[in-house]
Amino acid sequence: MIMEYTENHFSLVLAAVIISLLLWVPVGVLITRNEKLASMVLNIANTIFCIPSLSLFAVMVTIPALGLGRRSALVALVLYSMMPLGRNVYQGVKVVDKSVIEAARGMGMNSWRILWEIQLPLATPVIFAGFRIAVVMTTGIAAIATYIGERNLGRLIAEGLTRFNIEMIVSGALLIALIAIALDTVLGIIEKQIVPKGLKVRRS
Amino acid sequence: MIELKEVTKIYTGQSVPAVDSLTMKIEKGEICVFVGPSGCGKSTTLRMINRMIEPSSGTILIDNKNIKDSDPDKLRMGIGYVIQQIGLLPHRTVAENIAIVPRLHGWPKDKINRRVDELLVLIGLDPETTRSKFPSQLSGGQMQRIGVARAMAADPPVMLMDEPFGAVDPIARNHLQDEFLRLQREIKKTIVFVTHDINEAIKMGDKIAIFNRGRLVQYGTPQDILSRPANDFVADFIGYDRVVKMLSLFRVEDIARPVGCTIEPNELPNAWNKMQDYQAAVCFLINSAGEPSGFITGDDFLKQGKDASPDVLNKIAGQRKRAFVEGDVLLRDALSLILEFNTEYLGVLSGNRVVGVISLGDIRKHASKKEGD
Amino acid sequence: MDWMRVKQALLERAPEALGVHIVMVLVTISIAIAISVPLGVLLTRPKYKNLGVVVLNILNLLQTIPGLAIIALTMPFLGLGLKPTIFALTVQGLLPIARNTIAGLYGVSPDVKEAALGMGMSHKKILYEVELPLAMPIILAGVRTATVYVVSVGTLAAYIGGGGLGDLIVTGLAMFWPEFLIVGAGLGAILAISLDRLLAYVEYRITPPGLGT
Ligand SMILES: Nc1ncnc2c1ncn2[C@@H]1O[C@H](COP(=O)(O)OP(=O)(O)OP(=O)(O)O)[C@@H](O)[C@H]1O
Ligand SMILES: [Mg+2]
Chain H
1 MIMEYTENHF SLVLAAVIIS LLLWVPVGVL ITRNEKLASM VLNIANTIFC IPSLSLFAVM
61 VTIPALGLGR RSALVALVLY SMMPLGRNVY QGVKVVDKSV IEAARGMGMN SWRILWEIQL
121 PLATPVIFAG FRIAVVMTTG IAAIATYIGE RNLGRLIAEG LTRFNIEMIV SGALLIALIA
181 IALDTVLGII EKQIVPKGLK VRRS
Chain B
1001 MIELKEVTKI YTGQSVPAVD SLTMKIEKGE ICVFVGPSGC GKSTTLRMIN RMIEPSSGTI
1061 LIDNKNIKDS DPDKLRMGIG YVIQQIGLLP HRTVAENIAI VPRLHGWPKD KINRRVDELL
1121 VLIGLDPETT RSKFPSQLSG GQMQRIGVAR AMAADPPVML MDEPFGAVDP IARNHLQDEF
1181 LRLQREIKKT IVFVTHDINE AIKMGDKIAI FNRGRLVQYG TPQDILSRPA NDFVADFIGY
1241 DRVVKMLSLF RVEDIARPVG CTIEPNELPN AWNKMQDYQA AVCFLINSAG EPSGFITGDD
1301 FLKQGKDASP DVLNKIAGQR KRAFVEGDVL LRDALSLILE FNTEYLGVLS GNRVVGVISL
1361 GDIRKHASKK EGD
Chain A
2001 MDWMRVKQAL LERAPEALGV HIVMVLVTIS IAIAISVPLG VLLTRPKYKN LGVVVLNILN
2061 LLQTIPGLAI IALTMPFLGL GLKPTIFALT VQGLLPIARN TIAGLYGVSP DVKEAALGMG
2121 MSHKKILYEV ELPLAMPIIL AGVRTATVYV VSVGTLAAYI GGGGLGDLIV TGLAMFWPEF
2181 LIVGAGLGAI LAISLDRLLA YVEYRITPPG LGT
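Sequences listed follow chains H, B and A, in order. So the first sequence is numbered by this note's numbering: it starts at 1 and just counts up by one. So the second sequence is numbered by this note's numbering: it starts at 1001 and just counts up by one. So the third sequence is numbered by this note's numbering: it starts at 2001 and just counts up by one.
A hint or two may mislead.
As the list claims (entries may be wrong) - Listed next, the in silico DSSO-like pairs over lysine-lysine satisfying Cα-Cα at most 27 Å (straight line): (1) A/K2124 with B/K1111; (2) B/K1068 with A/K2124; (3) B/K1109 with B/K1074; (4) A/K2113 with B/K1109; (5) B/K1109 with B/K1133; (6) B/K1068 with A/K2083; (7) A/K2047 with A/K2113; (8) B/K1245 with B/K1365; (9) A/K2125 with H/K192; (10) A/K2124 with B/K1109; (11) B/K1028 with B/K1005; (12) A/K2047 with B/K1074; (13) B/K1005 with B/K1111; (14) A/K2113 with B/K1133; (15) B/K1274 with B/K1306; (16) A/K2125 with B/K1074; (17) B/K1133 with A/K2083; (18) B/K1111 with A/K2125; (19) A/K2113 with B/K1189; (20) B/K1109 with A/K2125.
Stated by the list, open to error - Reference listing, derived: stretches of chain H covered by chain A, where coverage requires no fewer than 3 residues with Cβ under 8 Å from a Cβ of chain A: (21) 146-157; (22) 164-170.
Said to hold, decoys possible - Listed below are several chain A residues computed to face chain B (Cβ distance under 7 Å; list not exhaustive): (23) A2115; (24) G2120; (25) L2134; (26) I2206; (27) P2208.
Derived from the structure by calculation, the hints contain no laboratory data. Where a beta carbon is used, it is the ideal one built from N, C-alpha and C, also for glycine.
One chain only, chain H, in its complex shape (with noise of 0.2 Å):
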């Protein structure tokens, strides 16, 4: 039963990070060409990150074409990626030193070029900082969806609620802490050997 809840919620995060990534990244470095889009846009991600999880999910059951189960939960964990991802992208590209671009651009480079080879590559200790966090968030609160009816993680600590059985409350929020912060370790070990040499971010 344990092994069957771990592979559904790691299946679940699996899928929620991948999307997010292919579709929050690519909109990162969009609205980093346009200020009035970017501050929509990010506005709309800080609002939905505000929108407490039992919420969302509660929210997304709801709309007819999700209903109970997997795609709601998924639909909202990629919507909540989008503040870390989305912003950490965005910040990540904007801040590259203006002379370095400038540089690049008295070289001969063009805007793409510019993007691909140097703010890309200089963004990615903000970048990956932004991911580090979408990822551990996703992992908790992929819990959360046990109660739109997913079986995983979640569902050890909800029936224990239900039935004060204890040993099942502390067995699953230790499993999901513990998962979280492996994630997070091994994602850390990851950064340093991603991060271009010469760059070191600190992480706030």
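Given the coordinates of chain H, work out where chains B and A with the ligands should sit on it, guided by the hints.
Structure of chains B and A with the ligands alone, referenced to chain H:
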């Protein structure tokens, strides 16, 4: 007066002392400049004087009172402190920044306001426009001035300045140095001034203390240090242009001699005789308005013959039309002019009148003169 | 949509649920501030400098523990009801505030502190007049994050009998009443968003004018 006795500082976890049994006296009303390579212990010494750091051993006296006996906060309120990074409070206006120490002293509001305006004028900023600005709205040079004004706010008799002009460009720095020296002539504070620029030290210091590896290597007036470097380290630190640097300690008026002989253009045929009569080596040509338009020297007659024609003499004199300096020009710059015009002499001006003359020989003599000779 | 049920949810259930939720959030955030700001100040004093870094790392780690896990873990120890809820939420709220207090105080330029100390300001004065004002925007950002978290996790309190807007959602989910879901979820979202905007405004107002960002 500040007195350091056998002061040593060893930072925790380090084996070599940052400051090694330092003994020195800084006289009242003088600027004492600490200079030396990076990491030689200048800042450490300075910061021990206002107890930002406690010495590992030794004593420091200010006006014969051991600073250990006063409360550190009280002590610091009585000592102006300027740091290289300035450290203005970013959330306070210029006026509030300057008012910090007066407020700690509990001055009444209107007295503080008056003092703030007075200081802003003193450092050459307009109180009306500057008073309520925030540090982020100022240029680097302006911030540096506010930093100095803030340290002077409660009129402390002692000021500690750690590379106070380090963060500005050379031109602004030069300007700030001049202004500060002018100010110091009026306020006569006891100042300890840290720099690692020997030129700044020579310019600002009444006394210079040269540090190396936590030790005081030489302590004396700029002239003393330039004319008699204590060892190879000091000589190297000063550089090959030691003598030229020394010339920047003196001004033309210090060595100018009175004018021996002047002539008007119509007297040119008689020039040789007149110079003989006056026993003068140089003779200034004065136009009808009384302004000098050049000069001729005994050498010219040696080259051209005693009976050189007035036209030739006029032409030679005219080539030196600009070989004149004001009395307050530094000897270093006068030397440069002498080399430029390839002459032995320069006329000394006061307004449009020639009032004196200096020669390459005088400068050379002065440069090789030792202090006390 | 069943309008009767919407009415029932809005008029009969929502006022109390919203009230409880607001009280829950206010109490929690107040306690969290009262604990974590002094803690943050203490841990940034030179005496406890090393401890500060350690605590910051621990807080970063704790931050990764999901809210549901924290809520659930409180139940075995404190039982059901509002009290364990407030305890669990306080733990959630502590982290961002303490973290930001420490980060904000560390962020104050050492040059500014050196200059202030050198002018004879006492350590206490420097804390109140220099460090805290300069760190305040970051501390408040922490309070803002904490508030949004607490409103969010607060909806889960329904599962341990803490009441609040979660009650409506839980009822809606259990009975398949979308009206209850929408009212509960909507109010929760509105509460979180309004508090977030309110705090953003406060943050903007108290940011010292010299610190243009
Ligand atoms: N807080 C400290 N802890 C340990 N060592 C220190 C500390 N401050 C300074 N030092 C060391 O003490 C020595 C003297 O430092 P100090 O700051 O006095 O040098 P300085 O002459 O002011 O140099 P600079 O011109 O670079 O400012 C250096 O070797 C420095 O590394
Ligand atoms: Mg120094």
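Exercise. When the hints from earlier in the document are held up against this structure, which numbers fail?
Worked result: 6, 9, 13, 17, 26
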